[in-house]
Amino acid sequence: MPTLLINHMRIHYRNQGDRQSPALILVHGLGCSLEYWNCLFESEDFSAYRLIAFDLPGFGLSEKPNCYDYRLSSQAELIAECLQALDIHKFRLVGHSMGGAIAILLAHTLPRQVRHLVTIEPNLEACKAQLSRQIVEYTEAQFIQEYERFQDTAIATVKSWFVNFQQANLDEYIDALLKTTAISMYRSAVSLIETTQGNTLMRHFQGLTLPKHFFIGEETHKIRPIPQAVQDSDIHTVVVPGAGHMMMVDHPVVFTQTLASALHTHIE
Numbered sequence: 001m002p003t004l005l006i007n008h009m010r011i012h013y014r015n016q017g018d019r020q021s022p023a024l025i026l027v028h029g030l031g032c033s034l035e036y037w038n039c040l041f042e043s044e045d046f047s048a049y050r051l052i053a054f055d056l057p058g059f060g061l062s063e064k065p066n067c068y069d070y071r072l073s074s075q076a077e078l079i080a081e082c083l084q085a086l087d088i089h090k091f092r093l094v095g096h097s098m099g100g101a102i103a104i105l106l107a108h109t110l111p112r113q114v115r116h117l118v119t120i121e122p123n124l125e126a127c128k129a130q131l132s133r134q135i136v137e138y139t140e141a142q143f144i145q146e147y148e149r150f151q152d153t154a155i156a157t158v159k160s161w162f163v164n165f166q167q168a169n170l171d172e173y174i175d176a177l178l179k180t181t182a183i184s185m186y187r188s189a190v191s192l193i194e195t196t197q198g199n200t201l202m203r204h205f206q207g208l209t210l211p212k213h214f215f216i217g218e219e220t221h222k223i224r225p226i227p228q229a230v231q232d233s234d235i236h237t238v239v240v241p242g243a244g245h246m247m248m249v250d251h252p253v254v255f256t257q258t259l260a261s262a263l264h265t266h267i268e
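Each residue of the sequence shown is one higher than the one before, starting from 1 at the first, in my numbering.
One or more hints might be untrue.
[Unchecked claim] In silico PhoX-like pairs for lysine-lysine, Cα to Cα no more than 25 Å straight-line: (1) Lys222 / Lys90; (2) Lys64 / Lys90; (3) Lys64 / Lys179; (4) Lys222 / Lys159; (5) Lys128 / Lys90.
Read the hints as simulated data drawn from the structure, not as lab findings.
Kindly generate the complete structure, drawing on both the sequences and the hints.
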């Protein structure tokens, strides 16, 4: 797959579809990689789009410099630079979990370029960022030292997010996690907690004057309500039937159909 050289970093990405087709940009979550969007690349429902998924810096096959700050705002800026390098100026944007928070920051920065924003169980509230809250209990030095041991904790946490559990799906996460450095994991998690404290990110989300969706899995919704601030706004909420947090890998057919339908309702 191709790479881009952005700020002296090699950023790995996947690009599929005609250059003239509507661009759909995909942003993965903490400890994951662009492979989490495989269901969209393999779906006929998205054959009319130009699909582009990035490995965020520090994740997947992208470079992992220790000198990078890994702040969510920096990662949003980096995606913007990637899109500029690819000569993409109008696009639809989808982000999962931490990637949902990054997508909101990107849309806030480039509101005239984003045609539609879909967030999939985005991290909007620090108190609900389960994995990141576990990470920030460490100092950076402690986390680096304990990272190999912490990976077992992360795997157990993520395993609980699958509804239709299959070992192959968990193995995919383990593979992605093993490609993630302790520094990129830690600094991203710290920034996620900092970004979601208070209501600044929520205000950014509410303030976007473009079509925007909040997806939540039906199984997640049973134990975690949709934030009241989302319910009280013009954000379209969608409960994905039978799905949990990792809906794109353990409930891919329903997820792709639901996402395609949501995007179709706002085609220009």
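The hints, checked one at a time:
1. Lys222 / Lys90: Violated. Lysine 222 to lysine 90 sits at ~36 Å, over the 25 Å cutoff.
2. Lys64 / Lys90: violated (28 Å)
3. Lys64 / Lys179: holds (9 Å)
4. Lys222 / Lys159: Between lysine 222 and lysine 159 the Cα gap is close to 18 Å, so the pair holds against 25 Å.
5. Lys128 / Lys90: With a Cα-Cα distance of about 32 Å, the restraint between lysine 128 and lysine 90 is violated, given a limit of 25 Å.
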